[in-house]
Amino acid sequence: MKTYLNAININPNDKDALFQLAITIDHISKDQQEITLLSGESMTKEQLLLKVIILDPNYAGAYYKLAIVLADENRSSIILPSGESMTEKQLYLKAIECDPTYSSAFHNLATTLSDGESITLHNGISMTEQQLYLKAIEYDQTSSDSYDNLSLLLTGGTITLNNGKSMTKRQLLLKSIEYNPTDSGLYYRLALTLSKRKPITLHNGQTLTQQQLYLKAIEYDPSHCDPKLSHPYHNLADTLSHSGTIILNNGRSMNKKQLLLHAIECDPEYPNSYFDLSLLLTTGASITLLNGQSMTKQQLWFEALKLDYTRSLIYKEIGLSLLNNKQTITLPDGEQMTRRQLLQKARQFKTKRSRE
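Just so it is clear: in the sequence shown, position 13 is 12 by numbering that gives the first Met the number 0, and no numbers are missing.
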């Protein structure tokens with residue numbers, strides 16, 4: 000930072016030093032904190048970037064970074080020195096206009112589009128989200144996030160990159176891991192493409208099973224409690240027998256029950272964890288969640304049902320817990336149902352529910 004401050008002190012119009020100083024602030028904090036120049040003048044990241052644009056209206060990086068300022072602060076637009084108002088999308092478009100090979104601008108522009116939406120570049124070419132990610136990869140073959148986001152758009156089959164190479168969902172994820180080997184979510188999503196017994200070889204030659212990929216996902220989740228990454232705990236539990244245990248990559252031993260309890264702590268709104276935990280309890284038994292709440296087998300069913308009322312197996316388990324067809328049970332929504340009605344409900348949702 001001192002280098003850039005000195006450069007600006009010598010030449011207040013050094014656009015590159017101003018831009019680099021703005022990036023330095025970006026690394027310290029995403030908030031609009033001010034930095035004091037050696038002249039005594041205080042400037043925010045936004046003001047530094049706007050000054051860069053005054054000095055060079057074609058400075059692509061300044062438009063790109065301003066777009067990120069808008070996204071971080073959830074602002075709809077910004078006024079440029081020319082008086083023109085621009086949105087996040089328009090700033091990315093401007094960055095691409097100034098530098099047609101700006102990979103990150105293509106990637107971020109793609110993330111602003113909704114399903115099926117397309118956008119017209121300054122040169123008149125209309126592009127979809129998928130085409131923008133392909134452009135991002137064309138100009139930066141190490142763009143891990145672009146491979147990952149492409150894999151999310153690909154439900155089956157293959158996609159052809161702009162260099163003519165055809166890739167499957169699995170290959171896109173492998174490529175993404177190659178350039179970002181510590182991203183927890185990538186290992187989790189790669190595991191979902193495998194069967195339990197089929198291993199896969201990473202770019203570094205390491206062969207991993209589905210179970211080992213879930214272990215990797217947990218290893219690289221720093222907090223071990225990101226709601227978006229709680230499913231590795233649930234899915235890892237799913238690979239174990241009722242009495243099985245597994246050693247995490249940090250050396251900690253966990254059984255199926257502990258993994259499911261951790262999954263619930265991380266994501267209290269994932270119904271499968273409650274239901275699968277209920278299957279480990281005997282009738283009348285209870286279990287204490289990591290938040291201190293005690294729950295019976297029935298309460299776990301009810302919690303799962305509240306979170307997903309279309310889950311066929313929940314109705315089936317509740318129905319089978321009733322002694323006869325005359326006995327009824329009151330569900331969380333207040334509806335009273337007999338054993339027969341619950342089993343009918345289970346069959347109804349089983350026929351309607353698509354495969355996951």
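Because the hints were derived from the structure by calculation, they are not lab data.
None of the values given here were measured: they were computed from a predicted structure.
You may find that some hints are simply not true.
[As the list claims (entries may be wrong)] Pairs of lysine to aspartate or glutamate, EDC-like flavour, derived with a Cα cap of 20 Å: (1) Lys1 - Asp55; (2) Lys88 - Glu40; (3) Lys14 - Asp98; (4) Lys256 - Asp237; (5) Lys197 - Asp266; (6) Lys14 - Glu40; (7) Lys305 - Glu264; (8) Lys1 - Asp13; (9) Lys1 - Asp15; (10) Lys88 - Asp144; (11) Lys164 - Asp182; (12) Lys88 - Asp71; (13) Lys315 - Asp332; (14) Lys197 - Asp237; (15) Lys88 - Glu116; (16) Lys256 - Glu334; (17) Lys164 - Glu116; (18) Lys88 - Glu72; (19) Lys1 - Glu33; (20) Lys164 - Glu137; (21) Lys50 - Glu40; (22) Lys164 - Asp139; (23) Lys256 - Asp266; (24) Lys256 - Glu268; (25) Lys315 - Glu334; (26) Lys88 - Asp114; (27) Lys14 - Glu96; (28) Lys1 - Glu40; (29) Lys315 - Glu264; (30) Lys88 - Asp98; (31) Lys325 - Asp307; (32) Lys50 - Glu33; (33) Lys325 - Glu268; (34) Lys50 - Glu83; (35) Lys50 - Asp114; (36) Lys14 - Glu33.
How the hints compare with the structure:
no., hint, in the structure
1, Lys1 - Asp55, "23 Å, violated"
2, Lys88 - Glu40, "31 Å, violated"
3, Lys14 - Asp98, "17 Å, holds"
4, Lys256 - Asp237, "10 Å, holds"
5, Lys197 - Asp266, "28 Å, violated"
6, Lys14 - Glu40, "16 Å, holds"
7, Lys305 - Glu264, "17 Å, holds"
8, Lys1 - Asp13, "14 Å, holds"
9, Lys1 - Asp15, "14 Å, holds"
10, Lys88 - Asp144, "18 Å, holds"
11, Lys164 - Asp182, "24 Å, violated"
12, Lys88 - Asp71, "14 Å, holds"
13, Lys315 - Asp332, "17 Å, holds"
14, Lys197 - Asp237, "16 Å, holds"
15, Lys88 - Glu116, "13 Å, holds"
16, Lys256 - Glu334, "30 Å, violated"
17, Lys164 - Glu116, "25 Å, violated"
18, Lys88 - Glu72, "15 Å, holds"
19, Lys1 - Glu33, "15 Å, holds"
20, Lys164 - Glu137, "11 Å, holds"
21, Lys50 - Glu40, "13 Å, holds"
22, Lys164 - Asp139, "15 Å, holds"
23, Lys256 - Asp266, "15 Å, holds"
24, Lys256 - Glu268, "17 Å, holds"
25, Lys315 - Glu334, "16 Å, holds"
26, Lys88 - Asp114, "15 Å, holds"
27, Lys14 - Glu96, "19 Å, holds"
28, Lys1 - Glu40, "15 Å, holds"
29, Lys315 - Glu264, "26 Å, violated"
30, Lys88 - Asp98, "15 Å, holds"
31, Lys325 - Asp307, "26 Å, violated"
32, Lys50 - Glu33, "14 Å, holds"
33, Lys325 - Glu268, "33 Å, violated"
34, Lys50 - Glu83, "15 Å, holds"
35, Lys50 - Asp114, "36 Å, violated"
36, Lys14 - Glu33, "18 Å, holds"
Checked against the numbered hints above, the structure violates hints 1, 2, 5, 11, 16, 17, 29, 31, 33, 35; every other hint is satisfied.
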